[in-house]
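Q: Sequence:
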Amino acid sequence: MKTPSRKPLAGPLSFTLPIIMAMVILLSASFGSASVSFRDSSGIILNRLFPFLNWSYPETMELIVLQIRLPRIILALLVGTGLAAGGVVFQGVFRNPMADPYVLGVSSGAAFGVTMAMVSGLSALPLIGPGLVPASAFLGALAATLLVLGVAGGLRDASLISLLLAGIAVSFLLSAGISLMMYLNREQVESIVIWTFGSFSAAGWEQILLAGPIILSASILISLFNRDLDLLSMGEDTAGTLGMHVQRTRLFLLVTATLISAAAVMVSGIIGFVGLIVPHAVRIVTGPRHRLLLPWAMFSGALFCVVSDTLARTLLEPTEIPVGIITALFGAPYFLYLLRRRTGRPA
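According to full-length UniProt numbering, the sequence shown is numbered sequentially starting from 1.
There may be inaccurate statements among the hints.
[Unchecked claim] Distance windows between CB atoms, simulated:
| no. | residue 1 | residue 2 | range |
| --- | --- | --- | --- |
| 1 | I325 | G177 | 17 to 23 Å |
| 2 | G177 | L315 | 27 to 33 Å |
| 3 | T319 | L209 | 39 to 45 Å |
| 4 | A281 | D230 | 44 to 50 Å |
| 5 | L63 | G240 | 55 to 61 Å |
Hints were generated in silico from the structure; no laboratory data involved.
Beta carbons: idealized from backbone N, C-alpha and C, even for Gly.
Kindly generate the complete structure, drawing on both the sequences and the hints.
A: Written out as structure tokens, the structure is:
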């Protein structure tokens, strides 16, 4: 079957993507409680990229842009890329447009694992502590995924309603566990609460070096399975007939998407709905083929997170809103719209 006529939109618009991304990054770097003009922030970043320019700026201004705002922007780009890629994979693996790391409880599982590492002191252990945080996030996310699948009836037989209900139930269960850990460790309540709301306020180069390699390598790996995701969307029988080992491929993609989601959550907290609304919006431009859908979704997810974070730190300036609240304000109504549209269809 040929792709609908909307697909060619992806070609012309692709030429503008780098320009849009560069403009958003430079604009975001110029917004904040400290006054730095667009011209100055752009000049500082360009001067760092191209030292031969030899432009001079006040040291304080360079510190604000390069050590505070730029790491935050880069981390938002990485997290948005990962969450969108995870959303595309979950929707493809489950053949369910409502699937996403947040709705399925994967993000809550990763948050539970990281919270355990924080309150138990494992994250503060010398040498091995930093490595235990991503491990805890991944194990928590994987456990949540397996629990949701077990409750919903398995990877093959899970229906839309059973997946949603299982995801909601598991998320509530894990949220209760996080709340209990906060109650028993009151000295860490503030940091845990801010983190679970989703925020890039603690972003630094250390977080980028921790999550960046995981998100980027796993995203590249997923992009090699574009054809497999297309085959899965046709159904298991068709995919198997065309030579794909269905269960092995689905399991591999599921684990890889879980790893990406865990890496995103461990550095930013729970940022919901990115993996839900971004793939849906991108499909309007690219159509269902994953060769275009996946890279476009990753780019758009990165852009969405940067814009959301910029709004989060400027709307109530100097007070900062958790970025998870901003994405929820966009995502929750869209989620309800999708749910209504699908459940309201005649049988």
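Q: Against the structure, test the hints numbered earlier, and report the numbers of the ones violated in rising order.
A: 3 and 4
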